Each structure stands twice: as C-alpha cells, then as structure tokens.
Amino acid sequence: MHLSEAVNSGFFFLAPWLVFAPLTGLLINLIFSKWFKFSEKMVGTVASLASGAAFVVSVLLAYSVSINHGEMMRWHLAEWIHIGTLELDWTFRMDSLSTTMMLVVSGVGTLIHIYAIGYMHEDVRFKKEEGRFTRFFIFLNLFIAAMMILVSGDSYMMLFVGWEGVGLCSFLLIGFWYEMDTLARPSWANSNAAKKAFITNRVGDFGFLIAGFLMFWYLGSFQFDEVFEAAKTAPDGIIVAITLFMLVGVAGKSAQIPLYIWLPDAMAGPTPVSALIHAATMVTAGVYLVTRSAEIYTLVPQAQYIVAMTGAGTALFAATIAVGQYDIKKVLAYSTISQLGFMVAAVGMGAYVAGMFHLITHAFFKALLFLSAGSVILGMERGHHHLAHHAAHDDHGKGKKKEGKKEDHGHDEHGEVFDPGDMRNMGGLRKTMPVTFWLYMIGTLALAGIFPFAGFWSKDEILLDASLHFTSIYWQLTLAAFMTAFYMGRQVWMVFFGKPRHEAAAHAEESPKVMTVPLMVLAALSVLGGALNLPFEGFHNLGHWLGYTLAEVESLPLDLKVAGISTVLALAAIFTSWWIYGRNPLKAGQIDPLKKPLGFIFTGMENKWFVDEGYFAIIINPFKKASQFLADVIDWRFWHDFVHDTVILGTYNWLSEIALNNYADQKGIDRFANWLGEATQSVSATLRKVQNGFVRSYALSVMLGVVLILGYLIFK
Amino acid sequence: MNSELIVFLVLSLVAVAAGLGMVFSRNAVYSALFLVLNFITVAVFYLLLGAPFIAMSQITVYAGAIMVLFLFVIMLLGAENLPPTKSLPWQKPLAYILAGILVVESLYLVFLQAQPDMVVTAPGASVNSMESLREMAMTMFNQFLLPFEVTSVLLLVAMVGAIVLTKREKAGQK
Amino acid sequence: MVPVDYYIILSAILFTIGAMGVLIRRNPLIIFMSIELMLNAGNLAFVAFSNMHKSFSGQIFVFFVIAVAAAEVAVGLALIVEIFKTKKNINIDEMNSLKG
Amino acid sequence: MEFLLQPLTLLTFFPLLGVIVLLFMNSEAKTAIRWVAMVTSLLTFGVSLWVLLQFNASNPDLQLVAKYSWINVAGWNIYYYLAVDGLSILLVLLTAFLTPISLLSTWTAVEDRVKDFMIFFLLLEVGMMGVFLAQDLFMFYVFWEFTLVPMYFLIGLWGGPRRIYAAVKFFLYTMAGSILMLVAILWLGIYGNTFSVPDLIAKGAIPANIQWWLFLAFTAAFAIKVPMWPLHSWLPDAHVEAPTAGSVILAGVLLKMGTYGFLRFNIPLFPEATVKAAPWIALFATIGIIYGAAVSYAQQDVKKLVAYSSVSHLGFVMLGMFALNVQGVSGAILQMINHGISTGALFLLIGMVYEQTHTRDIKVYGGLWKVMPVFGTIMLISSLSSMGLPGLNGFVGEFTILLGAFGSKAIGNPWYAGISAIGVIMAAVYILYMFQKMFLGPAGEITHHHELKDLNWREILTVAPLLILMFWIGLYPAPFFNLIAPAVEKLVSALPL
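Protein chains in written order, with this note's numbering: chain A, 1 to 716; chain B, 1 to 174; chain C, 1 to 100; chain D, 1 to 497.
Quick caveat, the hints were computed from the structure, so don't treat them as lab data.
On a predicted model such as this, the values are computed, not experimentally measured, just so you know.
Be aware that a few hints might be false.
Unchecked claim - Cut-off 27 angstroms, straight-line C-alpha distance, at most; resulting in silico cross-link-like pairs (BS3-like, lysine-lysine):
no.: 1; chain 1: A; residue 1: K561; chain 2: A; residue 2: K431
no.: 2; chain 1: A; residue 1: K37; chain 2: D; residue 2: K453
no.: 3; chain 1: D; residue 1: K363; chain 2: D; residue 2: K490
no.: 4; chain 1: D; residue 1: K363; chain 2: A; residue 2: K624
no.: 5; chain 1: A; residue 1: K41; chain 2: A; residue 2: K513
no.: 6; chain 1: D; residue 1: K453; chain 2: A; residue 2: K34
As the list claims (entries may be wrong) - If you want the footprint, here are the derived chain D segments under chain A, 3+ residues with CB under 8 angstroms:
no.: 7; stretch: 215–228
no.: 8; stretch: 293–300
Virtual Cβ for every residue (Gly too), placed ideally from N, Cα, C.
Produce the entire structure from the sequences given, and follow the hints as far as they go.
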C-alpha cells in the first residue's frame with residue numbers, strides 16, 4: 001500500500017505491529033544480547049524502541065480511526081480456533097476506545113521503559129548479574145505485547161489471551177527479585193507475592209471463563225459485535241449471569257473487593273513495574289473490559305448497580321487502609337486500588353467516559369507518583385550506601401566487592417535491616433531531592449483532585465455522575481476522595497518535610513536525568529491531562545471521541561456544587577494532614593500520631609483490616625490441609641497402601657495361603673501333593689543317573705531307540 | 001551277472017572296508033583318508049545311478065573341501081591317540097550288539113519288501129548327462145527356489161558362527 | 001543291471017558302520033567323520049530312489065544335505081577347536097558338564 | 001513387497017528394522033547403538049510425515065487401509081487391518097515425534113545395557129503404533145498387550161529403587177482391565193462374526209442392555225490405562241520409578257492409549273451406552289480433575305507432582321470426550337497431544353536436573369533460575385503450557401474442552417464444566433508451587449548447588465521441538481483442528497443425541 005493512500009485511508013494494516021513490535025524487541029534481546037554482548041544501554045534502547053514503535057503504531061491507528069470518523073475497523077491476521085460453530089480469530093479491532101487504550105499503554109509504557117534504564121541500573125539489588133537486566137526488559141516488552149493483544153482484540157477470547165498474558169508478566173515482574181524479599185534479604189517473600197498475584201488473577205479468570213462459556217452457549221459467539229447483537233434478545237437472567245461472572249474477572253484484574261489482596265503485595269516488583277503494570281495499565285484492564293462490554297451492561301441495571309457498589313466499596317475500603325501504611329509504595333498501592341474503585345464505580349454507573357477519563361489521567365499521575373517514589377527509594381538507597389561506605393572506611397571497601405555477590409545489601413554494618421521504602425525513615429527529602437519533590441507534589445495534587453490538575457477533572461466527572469444517579473455511591477466516593485487527599489498529604493509531609501529521621505535520608509541524592517526526564521513528561525501530562533475532557537460545551541473531546549464507539553455518552557456540564565464540595569474537602573484533608581503530620585513532624589521512632597485517637601481502628605488500617613489473615617484462615621490453610629490430607633491419608637495411605645497393598649494383595653495372599661492350605665487341603669490334596677512331590681524326587685534321583693553327561697552314552701540310547709523302533713516296525 | 005553288477009559289488013566291498021577302516025583306525029589321519037576313499041567310491045555309485053552332478057559335488061565338496069578341513073583340524077590338534085579309559089565299560093560291546101541288530105533288521109526289511117524287477121538304469125543309456133543337469137537345474141530353481149535361498153542363509157550363518165567361535169579374544173578381555 | 005535293493009543294503013551297512021563309529025570312538029573328530037559317513041549313506045539311498053522313481057527331487061535333496069553337512073562341519077569343527085583351546089583336550093568323555 | 005511398502009505397515013514395523021540392526025551390534029558400542037536407535041526413530045518419524053502427506057484431511061473415513069485376512073478359522077474373520085483417520089493421525093504423529101525426543105534424552109542418562117534399552121524402546125514404539133493404527137479388535141488387543149512387555153522392562157530394569165514393585169503393579173493393573181476387555185472382544189467377534197471394527201459398526205444395533213455390559217468391560221481396560229479416578233494408583237508408582245524416557249512415553253503416549261480406546265471403540269461401537277454413561281464419566285472426570293490437582297499440590301516429589309497432574313489433565317480429556325459435541329471431542333483429542341507435549345517436556349526437564357542432583361525432593365531445590373537461566377526459562381514455558389496459559393497449547397485444549405462440556409447435551413448440565421474450571425485455578429496453584437519451590441526463592445540447600453550446569457545443546461535440542469509445538473498449537477492450532485475435524489464430526493453425528 002502506498003503511503004499517500006495510507007495517509008488518506010488509514011494505517012490499519014499496521015495493526016499487527018502493535019504486538020509484533022514489542023515482540024521483535026523481546027526476541028532481539030532474548031537471542032542476540034548474549035551473543036553480541038549488548039551493554040545495558042543497548043538492551044534498554046532496543047526495548048524502549050520496540051515499545052516506542054508500538055506507540056507510533058498506536059498514534060497512526062488513532063489517526064486512521066479519526067480520519068475515518070471513528071468508524072471501527074478490523075484487521076484479520078489469522079484464524080485461531082475453528083471448531084463447528086466456534087470461531088475464534090486473531091483479529092485486531094481499531095476503534096476510538098481501543099486506540100485510546102493503545103495510546104495510554106504504549107505511551108506510558110515507553111516512558112517507563114526509558115525510566116527503567118536508569119532505575120534498574122541504579123537499583124542496588126541489581127548486582128550486574130548476567131542476564132538480569134536483559135530479562136527485565138524482555139518481560140517489559142512481553143507485557144506491552146500482551147497488553148496490546150488485550151486492548152486490540154476483537155473478541156472476548158482474544159482479549160482473554162492478553163488478559164492472562166499480562167497476568168503472566170505481572171507474575172514474572174513481581175517475582176523479578178525472586179530470591180529475596182523487599183528488603184533484599186534471602187526469602188521466599190517476593191516469589192510468594194508473585195504467586196499470589198497470579199493465582200488471585202486466575203480466580204478472576206475463572207469468572208471470565210465461565211462468563212465466556214455462557215456467552216458462547218447462549219449468545220452464540222465471542223466476537224464483540226455479535227455478542228452485543230445477540231444480547232439484546234437474550235433473557236435477562238443470562239445477561240446478569242454473564243456480567244456478574246465477568247465482574248469476578250474484573251475484580252481479579254482490577255483489584256476490586258474481594259480479590260484486591262494481590263496488588264499491595266505486588267509492590268515487591270521493581271518500581272517501574274509497579275508504575276506500569278500495577279498502576280497505569282494492567283490493572284485498568286478490568287475497567288476497559290466493562291467499558292468494552294458497555295452494551296451488555298446497560299441491558300441489566302441490577303448488575304450495573306452491583307458493579308458500581310463494588311467499585312465504590314473498594315474505593316473507600318482501600319483508602320482507609322492507605323491511611324495506615326508506612327511503606328511509601330504500599331500507600332500508593334492502596335491508593336491505586338482505591339482509584340480503580342473510582343473507575344469501576346464510574347463504569348458501573350454507566351459513566352464510561354468518566355471512567356475512561358479517570359483511567360487516562362490516573363495512568364499519568366499514578367505512574368508519576370510511583371516513579372517518583374522509586375526515585376525517592378533510590379535516593380534513600382544511595383544515601384544509605386554512602387553512609388555504609390563512610391562507616392566502613394577502606395578495609396570494608398575490599399570486602400564490599402566480595403560481599404557484593406551475596407544478597408545482604410539490605411543490612412547495614414550493625415546487621416540491622418534498613419528499609420529504604422519506609423516513610424518513617426525519611427523526612428526532609430525536599431532539600432536533598434528537589435526535583436523529585438516537585439514532581440511528587442504535582443502527582444499528589446493531581447491525585448488529591450486539586451484544581452486544575454488532571455485528577456480534579458476526571459474525579460469530578462465521576463462524582464458528578466454519581467451525585468446524579470446514586471447518592472450512596474456519591475457519598476462513598478466523596479469520603480474516599482477526602483481520605484485520598486488526606487493520606488497523600490500525610491505521605492508528603494512524612495517524606496519530604498520535617499527533619500531526616502534516618503542518616504540515609506540526610507544523605508539522599510537526586511536521581512539521574514534518564515529517570516527525571518520521563519517523570520517531567522508525566523508531570524506535564526498530569527497537569528494538562530484534564531484538557532482531554534473539560535466539562536464545558538465544546539471541550540468534551542474524549543467524550544466525543546469515545547462516542548464513536550460507545551453508544552450513549554453523557555457530556556455533563558460542570559456542577560459547581562459537586563466540584564466545590566470535593567475541592568473544599570480535599571483542601572480540608574490536606575490541612576488536616578498538615579495539622580497532624582506537618583505541624584509537628586514525626587520524630588525518629590515515634591509512633592503514628594493517629595494511633596492514639598483512632599485506637600483499634602488505626603490498628604485495623606495498619607494491618608489491612610486483617611483481610612489477608614482472613615483469607616489464610618478461611619481458604620488457603622484449609623485448602624493446604626485438605627490437599628495434604630487427600631494426598632497423604634486418602635490417596636497414599638488409604639488408597640495406595642491400604643486398599644491396594646493390604647486389602648487386594650493381602651486378600652489374595654490370604655486366599656492362596658490360608659484358605660487353600662490350612663483348611664481344605666491339609667488332609668486330602670496336601671497329602672497327595674506331598675506324596676507326588678516325594679515320588680517325583682525319588683524317580684528323578686534314579687533317572688538322574690542316566691544323565692551322566694557322556695555324549696556317547698546318549699548316542700547309544702539314541703541308537704537303542706532306533707533299533708527298537710525298527711524292531712517294532714518289523715514285528716508289529 | 002553283468003559288468004555293472006561286478007563293479008557295484010567290488011566297489012561296495014571297498015566302501016564297507018573303507019568305512020570300517022575309518023571307524024577302527026587308531027590314527028585320525030588314517031581315518032580321514034579312509035573316509036576320503038569311502039566318499040570316492042560313493043561318488044562312483046552316484047555316477048552309476050545317473051547322477052553325475054551329485055557325484056561331482058560329492059568329490060569337490062566332501063572329498064575335497066570338507067575332508068581338507070578335517071585334515072587341517074587334525075593337524076592343528078595333533079593326531080593324538082587317546083588313552084583307554086574305564087569310563088563306559090559296557091559302551092563298546094553294547095555298540096557292537098546294537099550295530100549288529102541294526103544291520104540285520106535293515107537287511108530283513110529290504111529283503112522283505114524286495115522288488116527284484118526294479119533295477120537302476122545304466123548311465124548314459126537313456127539320459128544325456130548334460131540334459132539331465134539342465135533339468136535338474138530347472139527343478140532346483142523353480143520348485144526348490146526358496147529352500148535353495150534358505151540354504152544360502154544357512155551357510156552364511158554357519159560361516160559367521162565359525163568365525164565368531166574361533167575368533168581370538170583381544171588381549172585384555174578375558 | 002543292479003537292483004535298487006543292493007544300493008539300499010549298501011546304504012544301510014554304511015549307515016550302521018557310521019553309527020557304530022559314533023558309539024565306540026572317543027575322538028570327536030572321528031565321531032564327526034562317522035556322522036559324515038552316515039549322511040553319505042543316506043545320500044546314497046536318496047540317489048538310488050531318485051533313479052528308481054525317475055525324479056530329480058532326490059538328487060536335489062542330496063544337494064541340500066551336502067550343503068547342510070558343510071555348514072555343520074564348519075561349525076562343529078570350530079566348536080571342537082574352541083573346546084580344545086579351553087580344555088586342552090578333545091576327549092569326548094570329558095565334555096560332560098551337562099551331567100545331571 | 002507390496003505388503004511391506006504400504007505406508008501404515010511400514011510405519012508400524014519400521015522400528016523393527018532398527019531392532020534387527022541392534023541385535024547384531026556389539027553391546028559395548030554404546031554411541032553407535034544410540035545412533036542406530038536414534039536414526040531409526042527419526043526415520044520412523046519421517047515415515048509418519050510421509051503418511052501425513054498422503055492423509056486426506058477432508059475425508060472423515062479410515063484411510064491408507066491395509067487389510068488382509070489374517071486368521072480365518074472356525075468362521076472367525078480376523079484381519080490384519082491397519083488404517084488411520086482423523087481420530088488417530090495426531091496420536092500416530094505424536095508417537096513418532098516423542099520417541100526420538102525420548103531417545104535423545106537418554107543419551108547420557110542411560111549407561112548400562114544401552115542395547116537392551118534401545119531394543120525395548122523401539123519395540124515399544126511398534127506396539128504403540130499398532131495400537132493406534134489397528135482397526136481389528138483382535139489385532140488391537142495383541143498390540144495393546146504387547147506394549148506392556150517393553151514398558152514393564154523399561155520400568156523394571158532401568159527404574160528407581162522400587163522399580164520391581166512399580167513394574168509389577170503397572171503390569172497387573174493393566175492386565176486386570178484388559179481381561180474384561182478381552183471377554184468383550186470375544187463376545188463381539190462371535191456376535192458380529194468379525195473382529196473388524198468398521199464392519200462391527202456397520203452391522204450396528206447391539207442390544208442396548210448388552211451394549212451397556214460391553215461398554216463397561218471396555219471401560220475397565222481403558223479407564224485403568226487413562227487413568228481415571230479412582231483407578232490411578234499405579235500411575236504415581238510407575239512414573240516415579242520409570243526412567244525419564246519411560247516417563248515421557250508413559251505420560252505422552254501410553255496414557256493416550258486409554259483415551260484413544262474410548263474414542264475408537266467405546267463411542268462408535270456402543271453409542272447408546274455412551275450417551276447413557278456420559279454424565280457418569282463426566283462426574284468421575286470432574287472428581288479426577290479436582291482430586292488430581294489437590295493431591296498434586298501436596299507432593300514433595302517433583303515427579304509425583306507431575307504424575308498426579310496427569311490425573312487432572314486426563315480428567316479434562318475425558319470430560320471433553322464425553323461432552324460428545326464437536327468442541328469437546330476436538331478439544332479432547334488436541335488435549336491428548338498437548339498433554340503429551342507439556343507433560344513430556346516437564347518430565348524431560350525434571351530428568352535433566354535429576355541427572356545432576358539425583359534428588360526429586362522439591363524442598364532441597366530453590367533459586368535454580370539463577371544458576372540455570374535457560375533451564376528455568378524452558379521450564380517456565382512448559383509449566384505455563386501445562387497450566388493452560390492462553391497463547392500456549394494447553395489453553396486451546398482446556399478451553400475447547402470446558403466450552404464443549406459446558407454446553408454438552410450428553411452431560412446435561414454445566415456444573416461439571418464449571419467445577420472443572422476450578423481445576424484451572426488449582427492447576428495454577430500446584431504448577432506455580434512447583435515452579436516457585438524449584439526455581440524461585442533463595443538458593444536451596446542442595447549441596448552442590450553452585451556446580452549445577454545449565455542445559456547443554458543436546459538437552460536444549462531435546463526440548464526445543466516441544467517448545468515450538470507449544471507455541472504453534474497455542475497460537476495457530478488450525479492445521480491440527482483441520483486434521484481431526486471431519487472425523488470428529490462424523491463420530492459425533494452418529495450418536496443418538
């Protein structure tokens with residue numbers, strides 16, 4: 001196809017390269033990096049270029065969709081599973097919704113790739129172990145590819161391929177430092193977190209699969225349009241079942257109640273991963289799924305309500321936990337769960353544009369926050385490193401190299417574990433890491449929903465929608481928004497203000513350009529992202545754009561009451577947090593000032609309301625016990641040993657020995673048998689003499705036989 | 001009594017004598033030579049019976065190849081005279097007795113069913129020897145093709161077997 | 001004109017001589033030769049019958065017997081040589097490891 | 001000569017050529033022996049590809065027929081009857097494909113009695129081919145029993161410490177089932193006056209109550225072989241004690257003989273009984289899926305873990321097969337192949353690390369990925385394939401099976417499929433448990449941990465074909481489905497549903 005033609009009619013033929021581009025990068029790094037001894041920069045560049053190429057393709061596709069006035073286009077690559085009426089294909093779907101997701105995924109993804117080059121190089125856990133660095137970028141590229149399959153698939157099953165694919169990448173990247181815990185001590189913790197994420201996601205996938213089966217047998221297809229068409233005439237019960245099972249999938253992937261538990265643990269992964277996968281892109285897949293299925297969700301308001309309640313409940317619940325966390329990334333993780341709750345609530349209420357809008361802005365500012373947090377953690381690490389060097393002087397300098405191979409970097413020389421992510425160790429970082437501080441501030445304000453940052457516009461749209469339709473949801477979300485501003489304020493005061501509570505914080509160092517520049521881009525987007533969809537007539541750009549795909553789009557005007565309430569509450573929350581944490585900065589070793597007034601409530605927040613423990617008690621431990629019981633007692637000792645070796649074999653032996661030998665036969669058969677044996681023995685003893693071993697005597701007996709037979713023939 | 005019968009009687013005497021000589025010679029070399037003699041007389045019988053090809057085979061294969069092989073082995077092992085043993089004292093008398101009975105029995109059988117009018121045809125009288133050879137070949141390669149081929153396999157196996165059995169083990173093994 | 005019976009008688013006598021050789025000699029070589037003699041006796045009978053019945057089958061059978069005999073001699077002699085190598089002796093009466 | 005050059009006859013008996021050559025070889029020339037066996041199995045694979053070329057995928061009937069009257073006494077028409085159709089073509093290819101791979105894996109693992117090992121292995125291949133190709137019940141039975149003998153020796157001679165127990169158990173268990181099948185075969189032969197399966201099917205209409213008994217008799221043999229819960233007790237013993245190559249073939253092909261038996265004999269010969277039995281089989285399959293997954297999670301022995309996972313996986317196959325619709329049956333056939341590939345790969349890989357560490361205790365491993373990155377990556381892919389990650393082969397099979405079972409008229413309700421789908425979660429639990437305990441986490445206590453060598457080229461070459469197939473089937477299974485589709489449609493449409 002000629003370029004000019006493509007410019008006029010669209011670049012749809014490029015669609016497969018959404019997936020192939022990152023895969024190419026992956027393969028290059030996988031195959032050639034060892035042969036040609038790629039430097040770290042080279043590996044990172046290849047991966048970033050691959051991801052960037054996907055971004056370019058996304059841009060071209062979005063452009064193509066726009067010049068076609070939002071008309072949906074398909075690109076059929078190959079058939080996948082065709083059996084009878086089951087027809088699954090590798091078909092890419094390009095419409096305004098999917099291209100939006102592509103842009104977010106590849107755009108944020110590329111920035112994070114670039115950031116990761118610097119971050120992974122600086123990460124102290126990374127001991128120049130051969131292949132680790134490359135492995136990270138291979139996983140990242142794989143993730144981009146899987147995510148692209150997810151957002152560009154034209155059927156629920158192709159979406160599911162990406163859906164599980166990103167789950168795999170999540171597993172691999174959470175468990176990237178699989179031999180240690182978050183403090184780099186040798187431990188199973190990180191790999192446990194990875195496993196937890198995968199299995200929890202699988203529970204969600206189970207729901208997705210069941211929804212898929214129902215879809216196929218009652219709606220006859222997996223292809224989006226065909227499903228939507230058939231759904232219109234299908235009985236409500238089926239649609240409710242489908243949508244609710246799908247909700248299980250959404251809860252798994254987008255970390256909603258009750259399956260959100262994996263996401264906080266997922267912070268064990270390197271920070272770029274937390275930003276990319278566990279904040280900006282993968283976890284929003286559930287929101288995308290509901291938006292994509294808008295046409296079936298709108299058919300069943302009762303299911304929609306359940307979705308919205310789940311989202312709102314999660315938003316509030318996670319926000320409370322975020323208040324009680326000390327780890328800088330854990331706070332952000334619960335914040336992510338909470339914000340995902342906002343989005344799910346939005347799409348549940350049918351405010352798809354608002355949900356997507358928040359998804360996009362959240363991708364910007366949460367990625368920004370995570371990456372800045374990563375920068376803070378690295379700064380702390382460097383400070384700590386710096387200290388260790390000073391304390392150890394020269395004699396330690398030599399030993400350091402040797403020890404460098406072992407995994408004890410988290411320890412300082414007293415053997416005490418230093419946690420660079422613990423906010424109680426920080427303080428006053430504003431001075432040592434000014435760039436990071438300002439970037440973090442932008443992210444915080446955007447998340448807290450302060451005018452005119454991106455978060456303000458998107459969150460407000462959700463709240464506005466809720467206030468119009470579901471009052472209870474509106475209040476839950478508003479309360480969650482208040483707490484969001486509060487815990488972000490708490491975090492900022494604890495991290496950047498006051499005095500350093502640890503030597504490391506005092507010696508923290510600013511991060512290199514390769515990390516801060518992508519952050520600045522994200523910061524700019526966090527500031528300006530709101531412009532995508534301003535609540536003024538003629539500025540509903542995103543709404544208009546998504547309107548091509550989504551049947552009904554509300555474009556609400558700005559409601560000053562709602563916006564006013566949320567802004568005032570956010571400011572009040574920030575003020576409260578200043579009152580508690582900023583006015584009197586925390587001292588080293590001091591307990592959280594909230595602990596006293598809130599008492600056991602704060603203990604609950606601190607301990608995540610003991611949900612993990614609950615799951616352990618109710619599901620995991622019983623399952624372990626049950627499987628142990630089944631395996632050891634039922635299968636092995638009972639079925640394998642007892643039934644087979646004792647009952648069956650034993651019965652056989654018993655029958656043959658006791659029954660036959662002792663009772664029936666002792667008298668009759670036995671005696672005869674004995675006699676027979678003895679007789680045979682004596683006869684054979686006699687006959688044995690004939691067998692004297694002399695060939696000639698054998699020959700003689702043959703001759704005798706011949707003579708006798710001839711004689712018989714003659715005289716018969 | 002025609003000349004043919006005379007030849008037969010003389011030669012059969014020679015054959016029996018050679019056989020006895022083979023059995024009773026102390027020296028294995030003599031035994032072998034007696035056996036060669038026996039074979040040659042039997043070959044003449046074959047000629048008398050109108051089987052020139054078999055006669056030639058008899059001379060070449062038996063009297064030639066096989067007996068040479070025997071002689072070689074005798075040379076190799078030494079034509080020793082084994083010392084008398086007490087191991088099977090009744091073996092010899094019993095053997096004589098049985099042999100006697102067997103001869104009597106077979107003679108009896110032959111004469112019992114004698115058909116004096118059945119006589120062998122003289123050589124060359126009715127059958128051209130080349131012609132008979134051709135016919136025999138036709139029979140062998142049509143009717144008996146498979147046994148013929150199997151025989152070749154048998155010979156191959158025997159050859160391999162003989163080589164394997166007498167192969168010298170390499171030094172170091174055993 | 002020789003009656004076929006004569007040949008058969010001769011064959012029987014030769015066969016008996018061979019059998020006797022097998023029975024009374026202790027040298028395996030001679031035993032082998034005796035066996036050859038027995039085979040020859042059999043062959044002679046075959047050829048005689050072939051002539052009597054005017055059929056080539058008998059002759060062909062003899063041909064096969066010769067081939068088998070050759071094979072047998074080859075293997076048998078090899079065995080004897082091998083036994084001699086291990087036992088340094090070829091007395092047939094000492095090959096009695098099959099004794100019961 | 002014409003007889004020998006028939007594709008299927010050649011395919012079945014080709015390994016015998018290798019056996020004959022091996023018989024003449026000096027048992028000390030180990031490398032040469034391995035090469036001869038290897039070349040034979042590769043040529044057999046070549047023959048199987050040749051068969052594939054001649055195979056007409058759009059024809060649902062038996063093809064490349066080689067049919068001769070074999071035993072014809074007392075009115076018993078027993079045929080020498082080989083043929084292939086869509087139900088068996090993939091299994092035939094799998095057999096020919098896995099044999100050279102297994103042989104390659106024994107290159108350094110089997111050092112004593114190499115010659116005997118190779119001979120048994122090639123004989124086993126003959127038996128397996130015969131089982132999949134025979135269309136005469138009598139002939140099938142001969143091959144079916146014949147496979148026991150080489151496998152018995154493979155386990156009993158080259159196995160682990162309890163090999164005799166395992167081998168005898170394997171043998172007796174299978175024999176016990178086979179005897180009932182033999183009775184049923186004899187009944188069928190006398191009833192139909194022929195042992196040829198197509199003729200018997202064409203005759204049709206066995207009285208329903210007798211069908212039921214015959215169905216049960218055949219099921220006894222096949223269910224033990226599969227093995228279906230609760231007849232699986234021989235499997236962990238056999239797998240744990242068998243040498244690596246034996247495990248691969250056992251899991252990859254021998255278990256498929258059971259599922260194939262259902263497909264080839266039970267369903268077409270006894271359609272009414274099949275439909276009647278479908279919910280029951282589905283029940284047992286579902287129990288097997290959950291039970292196998294749960295039990296496998298509690299194992300400390302890696303090989304045992306994979307062995308129990310086979311119980312779970314084959315439960316899926318049975319569930320799909322007795323869904324009795326095209327999706328389910330096609331999925332079941334593909335899943336047989338998938339299980340051969342994935343589980344085969346897992347056994348191969350475990351064998352490779354076992355060769356270095358001589359332990360299968362999962363607890364002493366840990367952190368292997370760091371020491372053996374290539375090995376870890378390959379193991380990861382194989383594990384993911386085994387737990388059914390989309391994009392890899394396992395998913396295509398499991399998905400189509402569950403989809404078929406979910407809407408199956410024969411099973412009657414979607415609960416079995418729904419509960420079995422929980423098995424998919426549990427598969428993730430035990431597979432990830434295994435992967436984590438072996439490859440992730442801190443370095444294990446195994447003493448010579450740091451001396452472990454990563455896979456060498458031979459080992460990579462051994463598993464590479466399997467990996468390629470995992471991706472191929474996962475991403476583009478169309479060629480495979482095309483091969484089986486017409487035959488499956490014919491099979492399903494003949495059922496009284």
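Here is what the structure says about each hint:
In summary, the hint linking K561 of chain A to K431 of chain A is not supported, as the alpha carbons are separated by about 38 angstroms, beyond the 27 angstroms threshold. The straight-line distance between the Cα atoms of K37 of chain A and K453 of chain D is roughly 21 angstroms, inside the 27 angstroms bound, and the hint therefore holds. As the CA atoms of K363 of chain D and K490 of chain D are separated by approximately 49 angstroms, the hinted pair breaks the 27 angstroms bound. Simply put, K363 of chain D and K624 of chain A have alpha-carbon atoms about 16 angstroms apart, close enough for the 27 angstroms limit, and the pair holds.
Straight-line distance between C-alpha atoms of K41 of chain A and K513 of chain A comes to about 14 angstroms, which keeps the hinted pair within the 27 angstroms bound. Our distance criterion of 27 angstroms between C-alpha atoms is met by K453 of chain D and K34 of chain A, whose separation comes to about 17 angstroms. Note: the stretch 215–228 of chain D has 0 residues with beta-carbon separation from chain A under 8 angstroms; the three-residue rule is not met and the coverage is violated. Under a criterion of three residues with beta carbons nearer than 8 angstroms to beta carbons of chain A, the stated coverage of the stretch 293–300 of chain D is upheld, 6 such residues being counted.
Hints 1, 3, 7, counting from the list given before, are not met by this structure.
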